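*Asks:* Here is how the chains run, residue by residue.
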Amino acid sequence: MNSSNKTNILEKYREIAESYKGSFSYIKDTVLITVDKNALRDIAETIYWKMDCYHRTCVGVDETPLNGYLALYHIFGDDKNGLNIIVKTITELKNPVIPSIRDIVPAADWCELEAHDLLGIVFENRDLYRLVLPPYWPRDIYPLRKNIPYNYRPEVVYSSERISESTETAVVPIGPYHPALHEPEYFELFVEGEKIVDVKYRGFHVHRGIEKLGESRTTYQQINFLAERICGICGFVHAVCYSQAVEKAANIHVPERARFIRSIALEIERLHSHLLWIGVAAHILGYDTGFMHSWRIRESIMLIAELLTGSRKTYGINLIGGVRRDIDENKIKKVLETLDYVEKDFKKLIDIITSVPEITRRIKDTGVLPKEDARKLSVVGPVARASGLDRDIRRDLPYAAYEYVDFNVPVYDSGDNLARFKVRVDEVFESISIIRQLLSNLPKGPVLNNEFEIPEYKIGVSLVEAPRGEDVHFVITGRGKPYRWRVRAPTYNNIPALKVMLQGCTLADAPLTIASIDPCFSCTDRIVIIDEKGFRRSILLNPFNRKCDLK
Amino acid sequence: MFSVIIPILVSVALFLPTLMDGVERKIKARIQSRIGPPILQSWFDIFKLMSKEFYIPVNSLHTVTLLLMYLALQPFVLIYLITSVIHPLTDYDLAITISIYIIIQALFISIPFTIPNPFSIIGASREIMLVIVNELFLIISISLYILYSGLTSFTQTRIVSFTLHTILILLVLFINSYVSSGRLPFDIAEAEPELASGLMIELSGPLLGLLILCLHLKRFFVKLLPVILLTKLFIENNIILLMVSIIVTIIVWILYSVLSAILARSRVDLAPITLLKIYILLVILSVISYVLGI
Amino acid sequence: MKKLDFLKILVIATETGRVTRKYPYEPPLVSNEFRGKIEIDEKKCIGCGACVIACPPNALELKIEKNILILKYFVGRCIFCWRCVDVCPVKAIRGTSDFELATDNISDLNEAVIHDRNECIECRGNYSTVKQKQYVIEKSPITENYVSKCPDCRRNGFINSIQRRKGGVYAE
Numbered sequence: 001m002n003s004s005n006k007t008n009i010l011e012k013y014r015e016i017a018e019s020y021k022g023s024f025s026y027i028k029d030t031v032l033i034t035v036d037k038n039a040l041r042d043i044a045e046t047i048y049w050k051m052d053c054y055h056r057t058c059v060g061v062d063e064t065p066l067n068g069y070l071a072l073y074h075i076f077g078d079d080k081n082g083l084n085i086i087v088k089t090i091t092e093l094k095n096p097v098i099p100s101i102r103d104i105v106p107a108a109d110w111c112e113l114e115a116h117d118l119l120g121i122v123f124e125n126r127d128l129y130r131l132v133l134p135p136y137w138p139r140d141i142y143p144l145r146k147n148i149p150y151n152y153r154p155e156v157v158y159s160s161e162r163i164s165e166s167t168e169t170a171v172v173p174i175g176p177y178h179p180a181l182h183e184p185e186y187f188e189l190f191v192e193g194e195k196i197v198d199v200k201y202r203g204f205h206v207h208r209g210i211e212k213l214g215e216s217r218t219t220y221q222q223i224n225f226l227a228e229r230i231c232g233i234c235g236f237v238h239a240v241c242y243s244q245a246v247e248k249a250a251n252i253h254v255p256e257r258a259r260f261i262r263s264i265a266l267e268i269e270r271l272h273s274h275l276l277w278i279g280v281a282a283h284i285l286g287y288d289t290g291f292m293h294s295w296r297i298r299e300s301i302m303l304i305a306e307l308l309t310g311s312r313k314t315y316g317i318n319l320i321g322g323v324r325r326d327i328d329e330n331k332i333k334k335v336l337e338t339l340d341y342v343e344k345d346f347k348k349l350i351d352i353i354t355s356v357p358e359i360t361r362r363i364k365d366t367g368v369l370p371k372e373d374a375r376k377l378s379v380v381g382p383v384a385r386a387s388g389l390d391r392d393i394r395r396d397l398p399y400a401a402y403e404y405v406d407f408n409v410p411v412y413d414s415g416d417n418l419a420r421f422k423v424r425v426d427e428v429f430e431s432i433s434i435i436r437q438l439l440s441n442l443p444k445g446p447v448l449n450n451e452f453e454i455p456e457y458k459i460g461v462s463l464v465e466a467p468r469g470e471d472v473h474f475v476i477t478g479r480g481k482p483y484r485w486r487v488r489a490p491t492y493n494n495i496p497a498l499k500v501m502l503q504g505c506t507l508a509d510a511p512l513t514i515a516s517i518d519p520c521f522s523c524t525d526r527i528v529i530i531d532e533k534g535f536r537r538s539i540l541l542n543p544f545n546r547k548c549d550l551k
Numbered sequence: 001m002f003s004v005i006i007p008i009l010v011s012v013a014l015f016l017p018t019l020m021d022g023v024e025r026k027i028k029a030r031i032q033s034r035i036g037p038p039i040l041q042s043w044f045d046i047f048k049l050m051s052k053e054f055y056i057p058v059n060s061l062h063t064v065t066l067l068l069m070y071l072a073l074q075p076f077v078l079i080y081l082i083t084s085v086i087h088p089l090t091d092y093d094l095a096i097t098i099s100i101y102i103i104i105q106a107l108f109i110s111i112p113f114t115i116p117n118p119f120s121i122i123g124a125s126r127e128i129m130l131v132i133v134n135e136l137f138l139i140i141s142i143s144l145y146i147l148y149s150g151l152t153s154f155t156q157t158r159i160v161s162f163t164l165h166t167i168l169i170l171l172v173l174f175i176n177s178y179v180s181s182g183r184l185p186f187d188i189a190e191a192e193p194e195l196a197s198g199l200m201i202e203l204s205g206p207l208l209g210l211l212i213l214c215l216h217l218k219r220f221f222v223k224l225l226p227v228i229l230l231t232k233l234f235i236e237n238n239i240i241l242l243m244v245s246i247i248v249t250i251i252v253w254i255l256y257s258v259l260s261a262i263l264a265r266s267r268v269d270l271a272p273i274t275l276l277k278i279y280i281l282l283v284i285l286s287v288i289s290y291v292l293g294i
Numbered sequence: 001m002k003k004l005d006f007l008k009i010l011v012i013a014t015e016t017g018r019v020t021r022k023y024p025y026e027p028p029l030v031s032n033e034f035r036g037k038i039e040i041d042e043k044k045c046i047g048c049g050a051c052v053i054a055c056p057p058n059a060l061e062l063k064i065e066k067n068i069l070i071l072k073y074f075v076g077r078c079i080f081c082w083r084c085v086d087v088c089p090v091k092a093i094r095g096t097s098d099f100e101l102a103t104d105n106i107s108d109l110n111e112a113v114i115h116d117r118n119e120c121i122e123c124r125g126n127y128s129t130v131k132q133k134q135y136v137i138e139k140s141p142i143t144e145n146y147v148s149k150c151p152d153c154r155r156n157g158f159i160n161s162i163q164r165r166k167g168g169v170y171a172e
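Protein chains in written order, with this note's numbering: chain A, 1 to 551; chain B, 1 to 294; chain C, 1 to 172.
Just so you know, these hints were derived from the structure itself, not from any lab.
Predicted, not measured: the structure shown is a model, and the values here were computed from it.
Keep in mind that a hint or two might mislead.
Chain C is faced by these chain B residues, among others (derived, beta-carbon under 10 Å) [claimed, not checked]:
1) Gln32
2) Ile254
3) Leu255
4) Leu263
Quick list of simulated restraints, FRET-style, between CB atoms [unchecked claim]:
5) B:Ile39 to A:Pro154: 53 to 61 Å
6) A:Trp49 to C:Thr20: 36 to 44 Å
7) B:Leu68 to A:Asp103: 56 to 64 Å
Built from N, CA and C at the ideal position, the CB exists for glycine as well.
Looking at chain A on its own, in the form it has when it is part of the complex (with noise of 0.2 Å):
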């Protein structure tokens, strides 16, 4: 995108942003534009349709040490351009009360709710119901606020809930242990015969507090690990996805072949975890022999990703200024054998996986997601460009090493299941593509920037595209730690578009229909038990409490 270009996407920001009496600047490819509330829903409608950009999410922030005032950031991305548009709101901490934008920008729909129940803010003229809370956590203690200390524990009274019920309609749970998911989720089913009508759904069960620990006894350099651990099977991206907000908000630079590292592992994650996927397609569909062969081939990822970093998962090699391991000759030899080696077994793999008779016939045309619902929920990932929508944060808004490379991003659009199922096959064909591209051109130099200071209170958002979408880091910076650190997972905008999926599916296809999303969760929920009489008891999993014992 030539400069050109470039002032004159600028200017048109700053013209929407004092047509709104609001404050307009930039750093790089970010945009903050400040505005009043009440000028929140007509600025968004204009950046969410008129401008044709997708919302990330939006961040709550107790900025009441320095300011007095609750800020509301909303994250936009012009991904045609480039750019993130970020909308701030603020308002008073007596009545903190904002317009709700839900009914324009359907995607912001969660992320409202929850700067509701961590922060206290109102938002009006929505239905406001506890999402990542219990419902018998006190009223007024909102955690992320900083007079709420990260190991505080709330004197609760227990309460239970019951399963829906319904006459018309049979009620099929699924979750949230169960052994057709991975994760805990809780799914209600309302069907009839094998029909699905309805669908509910209650998540967050393993919400740990991350954002808060960050916030209080971490420091900068340990919150590497720490977002490493958000996911089993993406870490990496997220802990290269923090050290860039940071990176980017203190402008630290980072060395050459650091960043050639850091999309190395990037993409060895992407080849681990599309592999992984299909395995449990396969085995969800009962050919367990695709499963089995699929893991076989994965297997020697692992060994490269031991090879590499140290660690079959979480690698935990980076650091904000790099990495920490180098790259020598024989590992790159190593490498390319087993790239070639796994580009041949996978060919076959595929070809003979898609030959099955019953896995065409049910994996087609099930869990359709038409474009118009996928952009109105902003969905992200392969289910995204499954849908129609041509997205992918690593040629629009490219980050380590991804300007170097060339490679294709494969878009369908029917929607369903094997649209999704193509898309991560040739995501890993372009995958293996994009490491030979990147061994064969790495630059000589340091790994490791060690000098460099954080300014406090400066702003960072960065992007990376994790296997299942694009990942979100927003980072205010603080004195040795963050001030506000949040993280949005990618499957945080895809489980919306779920009930769009199931509506209309048959009950068989539900288990695949919900792994083709290939949910992975970073949320936060309470273990849910059903007992006899059908009454749900809700247990808290502490999730202030865990670390607080280590002095």
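Once you've looked at the hints, dock chains B and C against the given chain A.
*Replies:* Relative to chain A, chains B and C alone:
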């Protein structure tokens, strides 16, 4: 002599199916490039289940009654089949065997319908859709076989001729036996992930152990019957017929396990339609070739 | 025929054989790059506490008891990130590829390195460790008088000397 051979063969027939299940798991593991469990693992599983606490599912005493009836009838029909090949019990052994088998299938379906658990009921309704198509054509094909050959009992010495219509009917019977044995791609009732083991979800402990044992016996029975009818084309002497049939059944079991390892699971609305098409085609071809005298 | 392609899985299965490893009857499959638990060399450690600051899950802790300083390493909390290996100034921590650490006795998982602390010549209190004092003396030009006092006494001495130079009294 009969008093020695029959008990030996009956004991083999009661021990062998679970052993063959172990062999099947080993073969499936080999196709999946791994070392599977040892061959006797299925027997170890059943013993372990028998040693657990006896628990009746909630509000399901009638289910247990039906289950116990099923558990008694399944070994009975297998023993009846084996005995009637060597020593005829009545003149219509073939028809009686099939009738008792159909009663057993009806019992097997009604068991999960009586358990008050939505997963169990959904599993039962799926099983019913398959069973209706399958057992209908079992009755049709056995009736056609009796029509073609005039045999109503295994010891009758009418020579069955090696003709196209007989072969086609036997093919229908073999496909029927594959579907009845509850393997991929037709294990829709018990193994679909969202049902969390559908039919058998509320059973545990000794009840589950005995049910699994009877499922293995059922698999053996549904294979043994068409194999006996097939070997009757070649062999006269009944004792040799039975021993050869048992060996051929073992080979058929191995073939079926290879087939189930390379296919995926079908869906409840797709499977019965596919089966219907195949069965109708084969039965019509068989009738046509009988009429033409081939 | 393309329709019968799914039978080729049998060909693939025959070619690859059995890939299961008979662990634990066979050694585990780790490369020499694998990060396992760490070993602290007591002879080299100076008790500076850099590893304690860098450790993300607080598996390394410093405990101070009058005249001894204990560096405790609890394997149960270690995430094998080897940040301590990176930041140790004297390279006293070494990484191994040991990961089979399960035990039924929790005291197996606690390791400790004990250091003697110095005694201040002025207030007779304890500060730092003997080895760290030696390390500092070797590394930088510093007077014996300065380094044998504890940090509090040093600070008070410095403030007093400024007071005397400015000719006033320092009011706290």
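*Asks:* Each hint should be assessed against the structure and marked as holding or not.
*Replies:* Against the structure, the hints come out as follows:
1. Gln32: Where the cut-off is 10 Å and the nearest Cβ of chain C is about 7 Å from Gln32 (chain B), the hint holds.
2. Ile254: violated (13 Å)
3. Leu255: For Leu255 (chain B), the interface hint is violated, since the closest Cβ of chain C sits about 12 Å away, which is over 10 Å.
4. Leu263: It holds, given that the least Cβ distance between Leu263 (chain B) and chain C is near 7 Å, below 10 Å.
5. B:Ile39 to A:Pro154: 53 to 61 Å: holds (57 Å)
6. A:Trp49 to C:Thr20: 36 to 44 Å: violated (56 Å)
7. B:Leu68 to A:Asp103: 56 to 64 Å: holds (60 Å)
Consistency note: the structure conflicts with the earlier hints numbered 2, 3, 6.
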